[in-house]
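Novice: So the protein lines, in turn, are chains D and B. Each residue of the first sequence is one higher than the last, beginning at 1 in the working numbering. Each residue of the second sequence is one higher than the last, beginning at 1 in the working numbering.
Among the hints, erroneous ones may be present.
Said to hold, decoys possible - To give an idea of the chain B side of the interface with chain D (calculated C-beta under 10 Å), a few residues:
no.	residue
1	Ile78
2	Tyr80
3	Phe438
4	Ile454
5	Leu463
6	Pro467
Derived by calculation from the structure, the hints in this document are not laboratory data. These figures come from a predicted structure and were not determined experimentally. Don't be surprised by glycine CBs; every beta carbon is placed ideally from N, CA and C.
The residues making up each chain are set out below.
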Amino acid sequence: MLKIENLHAEIDGKEILKGLSLEVNAGEIHAIMGPNGAGKSTLGYVLGGRPGYEVTEGSITFNGEDLLEKEPHERAAAGVFLGFQYPVEIPGVSNVQFLRESLNAQRTSRGEKPLSGAEFLKLARAQADALGLQQDMLKRPVNVGFSGGEKKRNEMVQMGIIDPAFAILDETDSGLDIDALRIVGDGINRIMRQPTKAVLLITHYQRLLDYVQPDRVHVLADGRITRSGGPELAHELERQGYAEVAA
Amino acid sequence: MATKNAEAHAAVAKKYEWGFATDIEQDFAPKGLNEDTVRYISAKKNEPEWMLDWRLKAFRVWQTLEAPDWAKLNVPPIDYQDAYYYAEPKVKKTIASLDELDPEIRRTYEKLGIPIAEQEVLAGVEGARKVAVDAVFDSVSVATTFRAELKAAGVIFLSISEAIREYPELVKKWLGKVVPQRDNYFATLNSAVFSDGTFVYVPKGVRCPMELSTYFRINAENTGQFERTLIVADEGAYVSYLEGCTAPMRDENQLHAAVVELVAMDDAEIKYSTVQNWYPGDENGVGGIYNFVTKRALCQGRNSKVSWTQVETGSAITWKYPSCVLAGDGSVGEFYSVAVTNNRQQADTGTKMIHLGKNTKSTIVSKGISAGRSDNTYRGLVRVAASAENVRNFTQCDSLLLSDQCGAHTVPYIEVKNPSAQIEHEATTSKISEDQLFYAMSRGLDAEAAVALIVNGFAREVLQQLPMEFAVEAQKLLGISLEGSVG
Numbered sequence: 001m002l003k004i005e006n007l008h009a010e011i012d013g014k015e016i017l018k019g020l021s022l023e024v025n026a027g028e029i030h031a032i033m034g035p036n037g038a039g040k041s042t043l044g045y046v047l048g049g050r051p052g053y054e055v056t057e058g059s060i061t062f063n064g065e066d067l068l069e070k071e072p073h074e075r076a077a078a079g080v081f082l083g084f085q086y087p088v089e090i091p092g093v094s095n096v097q098f099l100r101e102s103l104n105a106q107r108t109s110r111g112e113k114p115l116s117g118a119e120f121l122k123l124a125r126a127q128a129d130a131l132g133l134q135q136d137m138l139k140r141p142v143n144v145g146f147s148g149g150e151k152k153r154n155e156m157v158q159m160g161i162i163d164p165a166f167a168i169l170d171e172t173d174s175g176l177d178i179d180a181l182r183i184v185g186d187g188i189n190r191i192m193r194q195p196t197k198a199v200l201l202i203t204h205y206q207r208l209l210d211y212v213q214p215d216r217v218h219v220l221a222d223g224r225i226t227r228s229g230g231p232e233l234a235h236e237l238e239r240q241g242y243a244e245v246a247a
Numbered sequence: 001m002a003t004k005n006a007e008a009h010a011a012v013a014k015k016y017e018w019g020f021a022t023d024i025e026q027d028f029a030p031k032g033l034n035e036d037t038v039r040y041i042s043a044k045k046n047e048p049e050w051m052l053d054w055r056l057k058a059f060r061v062w063q064t065l066e067a068p069d070w071a072k073l074n075v076p077p078i079d080y081q082d083a084y085y086y087a088e089p090k091v092k093k094t095i096a097s098l099d100e101l102d103p104e105i106r107r108t109y110e111k112l113g114i115p116i117a118e119q120e121v122l123a124g125v126e127g128a129r130k131v132a133v134d135a136v137f138d139s140v141s142v143a144t145t146f147r148a149e150l151k152a153a154g155v156i157f158l159s160i161s162e163a164i165r166e167y168p169e170l171v172k173k174w175l176g177k178v179v180p181q182r183d184n185y186f187a188t189l190n191s192a193v194f195s196d197g198t199f200v201y202v203p204k205g206v207r208c209p210m211e212l213s214t215y216f217r218i219n220a221e222n223t224g225q226f227e228r229t230l231i232v233a234d235e236g237a238y239v240s241y242l243e244g245c246t247a248p249m250r251d252e253n254q255l256h257a258a259v260v261e262l263v264a265m266d267d268a269e270i271k272y273s274t275v276q277n278w279y280p281g282d283e284n285g286v287g288g289i290y291n292f293v294t295k296r297a298l299c300q301g302r303n304s305k306v307s308w309t310q311v312e313t314g315s316a317i318t319w320k321y322p323s324c325v326l327a328g329d330g331s332v333g334e335f336y337s338v339a340v341t342n343n344r345q346q347a348d349t350g351t352k353m354i355h356l357g358k359n360t361k362s363t364i365v366s367k368g369i370s371a372g373r374s375d376n377t378y379r380g381l382v383r384v385a386a387s388a389e390n391v392r393n394f395t396q397c398d399s400l401l402l403s404d405q406c407g408a409h410t411v412p413y414i415e416v417k418n419p420s421a422q423i424e425h426e427a428t429t430s431k432i433s434e435d436q437l438f439y440a441m442s443r444g445l446d447a448e449a450a451v452a453l454i455v456n457g458f459a460r461e462v463l464q465q466l467p468m469e470f471a472v473e474a475q476k477l478l479g480i481s482l483e484g485s486v487g
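Just chain D, with the same shape it has in the complex (with noise of 0.2 Å):
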C-alpha cells in the first residue's frame, strides 16, 4: 500500500530524513517509536505533504501512484488521513462545517456524490457517539477551546468520518488519560483495522500500543530505521530505553 524508500527531506536546510525505507501493507498497523529529535513527525508532515517539508532523495508511492506529486488535498483524496500531533484551532469555523466541506471536497475530487446536510449529520453524530465526545463539541468551532483530550478525540471523530484507507496517527496518544487512550484505541482499531486499511502509529510510548496490536513496530533514530520487528520490540524499547536499543 505505502511503500518509501530511500527517503531523505530537510527542513530550511537541515536534513531530518536520512535516507528511510519502509513499506506498509493493506491490514498491517506499524509502529514507529524513537526518541525526540528522531524525524518522527518529519515523516509524517512529508507523507501529508505539508510546504516547507522539502524531499531530496527518493520516493514515496501509495497504491503505486506516486504520492510526492501530490498536494496535501489530492493526498487527502487518495485515502492517506494525518492526525495531528497538535490538532490546530480554527476560530468561527464549526467542526460540522468543516468536516462536511472537507469530505465532500473529497469525495466531489473522486467523482462522488456529496453528502446532503442530513446525511453528514448523521455520519457525525454517529462518529462522535463512538468515540464518546459530547454532540455539541461538533456544533463548536474546530478545537477551539477543546482541551487536550478532546482534540484528540476529535482526530478520531474526524477520521471516522473521513473513513481513509491510510492514517497517520503522530502521537495520538499524548495528552490522553488512561480512559480515552482506550477509548481512542478503539476508535482506531474499529476504524482502521480491516483487509483493505493500514495505519503508521507514531508513538513514544508502548501505552497506546497496548490497545492497538502493531504487526510491526520500527525504531526510528536520526533519520533512519535503525530496527524493525514485530509487537515484542515495544516492550524491549520499554524496559531498555531508546539509546540502548536503537543504537
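Given the coordinates of chain D, assemble chain B onto it according to the supplied hints.
Specialist: Here is chain B on its own, set in the frame of chain D:
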C-alpha cells in the same frame, strides 16, 4: 496588446462574474459638470422648484470645496468634467406592471440573481423571507416590487425621485438633515447631482412585513452613480434594509458617491445591511469603482437603535464610514464590518459613533482582510459629549493578512468629555497561519477553499449579523474575492 488585455480580462472575468455590460440604448446628460448639468438632471426628474434650488445651492458650495486627503488612500486626480452625471435607459418612463420592464434590463437582473419579479424568495435560498426590491440601473430606478403589499402595511417604499414628487413634505423635512449639504466634498457633490435612490418611510408602530432592498447597478461607461437613500422609521417602527451593488468591468475608473441618511424616532429600529461588490479593477489596479460614500444615521428618538452591517469586497478605492449620531437618550448604535482588499485595492473604512444622549451604547466590530498588494485601513471615531452620562462603547478591530505585500492599519480616535463613560478597544493583527491552511488542506480542501473557510470563520461575527439571504451570498463572495491570493 489588445489580445493580452482580452486574456487578462477573461482571467479576471472568472473571478468577477458580474462584470458583463448590458447593451441598451441610453439617454445621457451632456458630458461634464456645471449648473446646466444640475438643471438637466432636475428637469429629467420633473422636480419641483425647491428641489432644483436645493441642488444648485449644493453645487455652488461644492465648487468652493476641495477633496479630502486625510484618509490612507492614494487617490489619482479625478477629472470631474470627463464624466457623465446622468444615464437613463431609453424605456417607458412609467410602467404599469413589472411585465412591461425592458427585457434587456430584466435579463441583466436575472443574470445578477436579483428578483425583480415578485417571487417569494431569492433564488436558491430555502425558507427565506420575502424581499422587496428597488432596482436602480445607472441613474434611474427601473423597478420597485411588492409596492401594493407594503402600502397596505402603511410602508412607503419607492424611488427617491418619485418620493420628491409624491411625498414632498416628508422628503423636505429630512433630506440633508442627517448629512448636511456641506458635510463633505463628496456628500456635497451628491447633493447637487444625485440621480436616484430609495426612499422608505415606516409609520408609527409598524414592523415592516418584509426585507426591503435596493440593488444598484452601474452599467454605462464613463458615468458616475450618485444615489441618495433616505429611510425614516417613525416611533416604534422596525425595518430591515439591504443594498447590493455591482458594475461591469471597464478599464477606466468610475465614481460612485452616494449619500445614505437614516432617521430613527423613539423606540424605532433600523437594520441596514450592505454587500458592496463594485468592480474592483484588475490585478494591476486598472479600472474599478471609486467608492466615496457618506452614510449616517440619526438616532433621534429615545431608545432608538441603528445597526449597520457591511461586507465590502469590491471597488478600487473605498472611502466609507457609516456612522451613528446617538442623540436620543438610551439609543444604540452598532457597526459590523468586513472589508476585503485584494490585488491593488485600497479601503479606508470604519465608523463614527457620536454619543450625545445619556445611557447611549455603541458596538463596533471590524474585520479587515488584506491580500495581494492591497491596503486596508480601519478608521473609527468614538466621541462622547460632555452631556452624555453613562455611555458605553465596545470596539473590536481585527486584521488578517494573507500576503507579505499588503497592509492593514487601525486608526481609532477616541474623544471622551464625560468621565462616566466606559470605552473599550481591542485590536489584533494576524497573518493567516500555515498551520491552519495545512490542517484544512490535509482534510481535503484545496488552497482556495481552505482560505475561504478560514476567512469566513474570521469574519463570522459580522456575517451572522446579515439577514440569511445575504449571509449565504456574502460567504461565497469572500471566497471569490480572495481567489488566487494564496499559493
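Novice: Work down the list of hints and note, for each, if the structure agrees.
Specialist: Evaluated hints:
no., hint, result
1, Ile78, "violated (38 Å)"
2, Tyr80, "violated (43 Å)"
3, Phe438, "holds (5 Å)"
4, Ile454, "holds (6 Å)"
5, Leu463, "holds (9 Å)"
6, Pro467, "violated (19 Å)"
Comparing the model with each earlier hint shows violations of hints 1, 2, 6; every other hint is respected.
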